[in-house]
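Generate coordinates for the entire structure from the input sequences, incorporating the hints supplied.
Number of protein chains: 2
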Amino acid sequence: MIKVVLLGAGNVSTHLFEAFQETKTASVIQVYNRSKKRLQGFNHLVDTTSSLNELKEADIYIIAVKDDSVEALSKKLTLLNKLVVHTSGSIAMEALNNNHRYGVFYPLQTFTKGKQVDFSSIPICLETNIQSDIEILEKLAQSISQAVYKIDSVQRKALHVAAVFVNNFVNHLYQKGHEICQEHQVPFEVLHPLLLETAKKVTSLTPKESQTGPAIRNDQAVINNHIESLATQQQKDIYTLLTKSIQETHGNKL
Amino acid sequence: MIKVVLLGAGNVSTHLFEAFQETKTASVIQVYNRSKKRLQGFNHLVDTTSSLNELKEADIYIIAVKDDSVEALSKKLTLLNKLVVHTSGSIAMEALNNNHRYGVFYPLQTFTKGKQVDFSSIPICLETNIQSDIEILEKLAQSISQAVYKIDSVQRKALHVAAVFVNNFVNHLYQKGHEICQEHQVPFEVLHPLLLETAKKVTSLTPKESQTGPAIRNDQAVINNHIESLATQQQKDIYTLLTKSIQETHGNKL
Chain Z
0 MIKVVLLGAG NVSTHLFEAF QETKTASVIQ VYNRSKKRLQ GFNHLVDTTS SLNELKEADI
60 YIIAVKDDSV EALSKKLTLL NKLVVHTSGS IAMEALNNNH RYGVFYPLQT FTKGKQVDFS
120 SIPICLETNI QSDIEILEKL AQSISQAVYK IDSVQRKALH VAAVFVNNFV NHLYQKGHEI
180 CQEHQVPFEV LHPLLLETAK KVTSLTPKES QTGPAIRNDQ AVINNHIESL ATQQQKDIYT
240 LLTKSIQETH GNKL
Chain S
0 MIKVVLLGAG NVSTHLFEAF QETKTASVIQ VYNRSKKRLQ GFNHLVDTTS SLNELKEADI
60 YIIAVKDDSV EALSKKLTLL NKLVVHTSGS IAMEALNNNH RYGVFYPLQT FTKGKQVDFS
120 SIPICLETNI QSDIEILEKL AQSISQAVYK IDSVQRKALH VAAVFVNNFV NHLYQKGHEI
180 CQEHQVPFEV LHPLLLETAK KVTSLTPKES QTGPAIRNDQ AVINNHIESL ATQQQKDIYT
240 LLTKSIQETH GNKL
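Those sequence lines, one after another, are chains Z and S. For what it's worth, numbering that gives the first Met the number 0 labels the leading residue of the first sequence as 0, then goes sequentially. For what it's worth, numbering that gives the first Met the number 0 labels the leading residue of the second sequence as 0, then goes sequentially.
Note that these hints are calculated values from the structure, not bench results. Don't take each hint at face value.
Identical chains share a label here; the pair holds if one copy fits it or two copies do between them.
[To be verified] The calculated lysine to any residue pairs, modelled on SDA-like cross-linking and capped at a C-alpha distance of 25 Å, are:
no., residue 1, residue 2
1, LYS149, GLU70
2, LYS114, ILE215
3, LYS149, GLU188
4, LYS2, GLN181
5, LYS75, THR48
Rendered as structure tokens:
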């Protein structure tokens, strides 16, 4: 049984706590948070503390706080020879290097408060400073997920940037689509099946194989017509840049 | 029983044919295509012809050919008082106005050859020049789909532009994500659960509510760092423009 202490009481910590509740491989023995108030949801389920001096003996300490608090919190830890990991996609492992043994336990998913997640399909990206520590991290990750990867800090940073493209930026394009629908009193739900299928498609074909539309067909009449029809300069700029990028990427003549 | 003739033998026609096979409300009695060779897949299933003079008597003639052939094909039809519809998102209904009764039967989905689709969740957008014809089109559409909408030509054009954003452009962002992964020897599949969840999320929350990431947090340190890390000017341009657009849309100070 791997004993875990969670540091932080936000979304990621809560979802991890719930996932570890379902496994016999690991047990969360304590949750720490600076603010007592934020610990209320955990109080009846597990030992909690808002003092770093009261941290229990565990095998792994998982830091799941806001990105810009990770390093500061790590520096306050005085755990001798204990494995400390953070859960952030964008912070280098070395931010924890005041500890002897440290690493990363990064679940790559977008977590929404109150929305249950199925951890079994969530990729968990692992890294450790001491080679042999990867084993216990793998055991812990595999207890809740079927998609466990060893990813070094450079790769993790690339993944995080790629995630901005396929999550944050994609969501913004959904918003532009939503905006265009609203401008013409069309319910956005008409587009739900299309956007779901578009996402599903790239899990079996590569995005390059899946590309369709006026840009890759080089259909300049439709492209001009679309740009002219758009209501805002912002929409026009996005349309123009992404059309150009599709054509460059697929080697069409411009 | 609504008698249907399909004009065209490509993806859309094939998928419609398969969907109509499953219902008792409609029956495809003939498939036309200019090229006999393209009709081979239909020959053992239904009457076929490559001559417009041999078209059978039907209630509805559905044109499912390439966008730039729709109008020309329509002009060759000499059907007296028969309802003729096309299936295109980007062509005005009036392209068929050499017929007396005409309309649009537009299934809004991305069709991949050989990949079975579940028509029941595919939105079908309808329009007719004669008010009373909407009824038979609705009956036909409802026989294969649970998502039937009356959408006029102006709205349909807006939908088609919105679809470029949520399908073609989104797919291109997937490709940029794929590219960044490849550059760092990270399997793109690590991002599959994230991109699927991102799509699923906007079917229950609005895209505006779903927006996360460094742009909306106004996290300039992470933004600069990401842009610097990108390998190509194209990636940098997309990152910069979409970040700016997110910040403008959400009213963050720049």
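Results of checking the hints against the structure:
1. In the homo-oligomer, the alpha carbons of LYS149 and GLU70 lie at most 25 Å apart inside one protomer (22 Å), although the nearest pairing across protomers, at 56 Å, exceeds that limit.
2. In this assembly of identical chains, LYS114 and ILE215 lie within 25 Å of each other by CA distance solely across copies; the values are 21 Å between and 37 Å within a copy.
3. Proximity of LYS149 to GLU188 under the C-alpha cut-off of 25 Å is restricted to the inter-copy arrangement: shortest distance 14 Å between copies versus 39 Å within a copy.
4. With identical chains, the CA atoms of LYS2 and GLN181 are never at most 25 Å apart, being 51 Å at best within one copy and 36 Å at best between copies.
5. In this assembly of identical chains, LYS75 and THR48 lie within 25 Å of each other by CA distance solely inside one copy; the values are 15 Å within and 80 Å between copies.
Comparing the model with each numbered hint stated earlier shows that hint 4 is the single one that does not hold.
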